[in-house]
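Q: Sequence:
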Amino acid sequence: MISEERVIRTEKIYEGKVVTLRCSTVELEGQRYGKREIVEHAGGACMVALCEDEKIPFVKQYRIAVKKELLELPAGLIGHNENPMDAAIRELSEETGLIADSAEFLLEAYTSPGFTNEKIHIFYCENPKQGEMHLDETEDLEVVYLDLDEAMRKIKLGEIIDAKTVIGICFVKEMREKHAKND
1 MISEERVIRT EKIYEGKVVT LRCSTVELEG QRYGKREIVE HAGGACMVAL CEDEKIPFVK
61 QYRIAVKKEL LELPAGLIGH NENPMDAAIR ELSEETGLIA DSAEFLLEAY TSPGFTNEKI
121 HIFYCENPKQ GEMHLDETED LEVVYLDLDE AMRKIKLGEI IDAKTVIGIC FVKEMREKHA
181 KND
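If you read the sequence shown in UniProt numbering, its first letter stands for residue 1, the second for the next number, and so on.
Keep in mind the hints are simulated off the structure, nothing from the lab. None of the values given here were measured: they were computed from a predicted structure. Among the clues, some could well be false.
Computed cross-link-like contacts, PhoX-like style, restricted to lysine-lysine with a CA-CA straight-line distance of at most 20 Å [to be verified]: (1) K156 with K173; (2) K55 with K178; (3) K154 with K68; (4) K55 with K154; (5) K154 with K173; (6) K164 with K60; (7) K164 with K68; (8) K154 with K164; (9) K156 with K68; (10) K55 with K129; (11) K35 with K12; (12) K60 with K156; (13) K154 with K60; (14) K55 with K164; (15) K55 with K173; (16) K119 with K164; (17) K67 with K129; (18) K55 with K119; (19) K17 with K119.
Derived Cβ-Cβ restraints for the label pairs, each shown as a range [as the list claims (entries may be wrong)]: (20) K68 with N182: 38 to 48 Å; (21) D53 with N83: 28 to 38 Å; (22) L21 with E126: 32 to 42 Å; (23) K17 with E69: 16 to 26 Å; (24) I2 with E52: 43 to 53 Å; (25) R176 with T10: 38 to 48 Å.
Yeah, the Cβ is synthetic: ideal placement off N, Cα and C, and Gly gets one too.
When you get a sec, could you build the whole thing from the sequences and use the hints?
A: Rendered as structure tokens:
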């Protein structure tokens with residue numbers, strides 16, 4: 001059986017607007033000790049929006065952490081006292097101008113549990129209405145529309161490599177195939 005690590009001491013190294021970094025000393029089985037660097041993050045929300053023409057909006061933006069432009073589903077931070085569905089609907093509107101009246105919860109997943117508690121909440125909506133984009137002043141992105149098959153092709157070719165996007169698209173692809181078989 002895997003034993004739980006007991007935190008002996010925690011030191012906050014950095015506290016920023018988006019993340020907090022702490023270093024913890026943990027006690028392991030057999031009176032061994034280890035260090036754990038943990039990035040604390042409030043979490044994010046993501047939306048797979050299937051438009052009336054069967055296209056899905058993606059955002060193309062430069063990501064400094066990986067030093068490249070990525071194609072991603074609309075997503076962002078969950079605000080203080082904001083629920084994940086509202087955050088996903090808000091991010092869809094801000095980044096694409098599309099307005100969803102409601103959304104269906106698909107799944108939640110830890111992004112990289114070896115060092116962060118960040119969890120992404122992925123939602124799905126159909127037929128969002130066109131509105132206006134409301135980008136944050138530091139956001140620079142382009143909206144790209146792809147159908148589900150084209151998105152899957154780009155995943156297989158390594159052109160879409162953002163984890164939340166791969167998970168969301170694969171989940172919706174399987175969901176729609178199951179619905180098609182049942183119809």
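Q: A separate judgement is required for each hint: does it hold in the structure or not?
A: To see whether the hints hold, each was checked on the structure:
1. K156 with K173: Cα-Cα ~13 Å, so holds.
2. K55 with K178: Measuring from Cα to Cα gives roughly 19 Å; hence the hint holds.
3. K154 with K68: holds (16 Å)
4. K55 with K154: holds (14 Å)
5. K154 with K173: holds (13 Å)
6. K164 with K60: Between K164 and K60 the Cα gap is close to 14 Å, so the pair holds against 20 Å.
7. K164 with K68: The given pair, whose Cα atoms are some 17 Å apart, holds under the 20 Å limit.
8. K154 with K164: Given pair K154, K164 holds - Cα atoms ~14 Å apart, limit 20 Å.
9. K156 with K68: holds (18 Å)
10. K55 with K129: holds (13 Å)
11. K35 with K12: It holds: about 13 Å lies between the C-alpha atoms, which stays within 20 Å.
12. K60 with K156: Holds - the C-alpha atoms of K156 and K60 are around 18 Å apart, at most 20 Å.
13. K154 with K60: holds (13 Å)
14. K55 with K164: holds (18 Å)
15. K55 with K173: holds (12 Å)
16. K119 with K164: Between K119 and K164 the Cα gap is close to 10 Å, so the pair holds against 20 Å.
17. K67 with K129: violated (33 Å)
18. K55 with K119: Roughly 26 Å between the alpha carbons, so the hint for K55 and K119 is violated.
19. K17 with K119: Between K17 and K119 the Cα gap is close to 17 Å, so the pair holds against 20 Å.
20. K68 with N182: 38 to 48 Å: holds (40 Å)
21. D53 with N83: 28 to 38 Å: holds (29 Å)
22. L21 with E126: 32 to 42 Å: Given range 32 to 42 Å: holds, Cβ gap about 39 Å.
23. K17 with E69: 16 to 26 Å: holds (24 Å)
24. I2 with E52: 43 to 53 Å: Hint holds: Cβ distance 48 Å, inside 43 to 53 Å.
25. R176 with T10: 38 to 48 Å: Roughly 45 Å apart at Cβ, these two residues keep to the hinted range, so it holds.
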